[in-house]
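Visitor: Protein chains in written order, with UniProt numbering: chain G, 1 to 252; chain B, 1 to 252.
Quick caveat, the hints were computed from the structure, so don't treat them as lab data. Where hints are given, some of them may not hold.
Claimed, not checked - Residues from chain G that face chain B, not an exhaustive set, calculated with beta carbons under 10 Å:
# : residue
1 : 21
2 : 45
3 : 111
4 : 170
5 : 174
6 : 210
7 : 218
Even for Gly, the Cβ is constructed at its ideal location relative to N, Cα and C.
Number of protein chains: 2
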Amino acid sequence: MDTERIWTAGLVIIGDEILSGRTQDKNVAQIASWLNLQGIRLAEVRIVPDVEARIVEAVNALRAAYDYLFTTGGIGPTHDDITVDAIAAALGVPVVVHPKARAILEAYYESRGGITEARLRMARVPEGADLIENRMSGAPGIRIGNIFILAGVPHITTLMLEALSGTLEGGKPLLSRTVGCWVAESEVADLLAATEKAHRECQIGSYPFFKEGRVGANFVVRSTEPDALNACIETLIDALTGNGREIVDGAI
Amino acid sequence: MDTERIWTAGLVIIGDEILSGRTQDKNVAQIASWLNLQGIRLAEVRIVPDVEARIVEAVNALRAAYDYLFTTGGIGPTHDDITVDAIAAALGVPVVVHPKARAILEAYYESRGGITEARLRMARVPEGADLIENRMSGAPGIRIGNIFILAGVPHITTLMLEALSGTLEGGKPLLSRTVGCWVAESEVADLLAATEKAHRECQIGSYPFFKEGRVGANFVVRSTEPDALNACIETLIDALTGNGREIVDGAI
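So that you can see chain G by itself, here it is in the shape it has in the complex:
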């Protein structure tokens, strides 16, 4: 039995553009994958509108429930960028201009028309915060306590995650391997349940697909233990092929 501590994170996505259906979110998947590499599990996501009270509520719920809280969106220079104010309100601290963020922005905008009041909005942080580097646009992300405030534009989020890589305490990464099989998942439901039960350190997820006019399913085994994972996968493949089922080439 694995008695090691499991590190967890929550994610609050701040964005009317996601809730309206206008923009397809890409940050859940990229932050989840990145967290796995850090040995941290994404345990919950909340997507909330650009409304201060709603951001405060979600931030306070998730920062208390998990080891880390990430947010994306709402840290630009315009009137709809209210994330910093909302998180400062959630923490009960004032908003201040961070001297280093101001210096970064002044340097960045020196050749781009100079600093303005709107641009200086991006130097505002909850009091006591540190900066997260952003090599692309000058505007930094923000860390305060266990909260990481990231950009909403996915390729800028990526750069901020790169800057954070290896800096957060985590546990063992959650590993996964997938077996694809040409079978209706309903035909092997008992086999899957029995295999999971026999491999206590593993969880098995079953995800049906439909392609080339055929029904199939991907069986995803997850574990923090490489040996347990491989043993479970082997048992599963043996059980499926022993049952006359055809493994999907290349899916493993």
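Add chain B to chain G, keeping to what the hints say.
Guide: Just chain B now, kept in the frame of chain G:
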């Protein structure tokens, strides 16, 4: 001022595969867009793992907070499909086999190896529920009270949404128009804030982009009132062009 009732919905996505980063969610965007057409606003999304207590908590929070609650995922035949049990637990009702769902599944599987215990799992519903038609795979969605339990596989979700179209009470659809402009959003932050303030029935979102080596932004105006929306868009375009800014062709 718009004093009409605004209808709202919450969405709970049940899925380890989304939280692990393995699968890119597509249901938020499609459900959000569909809800807009029904005159209902997606007000909050929570993504939770395949853990009953976590599903119960999210379902009970959102079904009370909004007019409607949608869920996706976890209604298949395998051991990791626990949505029906979790929602029954949230509502304090038993799980029963729905006679019509059973008949649909028996007919569907007649030419596919016959009904089995695993397949019958897909006929289980919280007591008192109605079915939501699914033309594709036989397994229906479920409606109980203000809760709509949908499939996780996006193209099956689509079919269930089609079956529900026009059946839910809603208000005025939220309309939107977009103006793309070759400008750093920080240069027009005041202009945007002033335009929004002058058009009380509209909200303006600002979303930067980077393409063809240039910086630009999409300004998305949202309103339930077509005339107000068009007036705000016209003001915005006049203000941007009057300010010497170049509108992005084809973005409007």
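Visitor: Please go over all the hints and tell whether each is borne out by the structure.
Guide: Hints and how they fare:
no., hint, in the structure
1, 21, "holds (3 Å)"
2, 45, "holds (4 Å)"
3, 111, "violated (13 Å)"
4, 170, "violated (15 Å)"
5, 174, "holds (7 Å)"
6, 210, "holds (8 Å)"
7, 218, "holds (9 Å)"
Checked against the numbered hints given earlier, this structure breaks hints 3 and 4; the rest are met.
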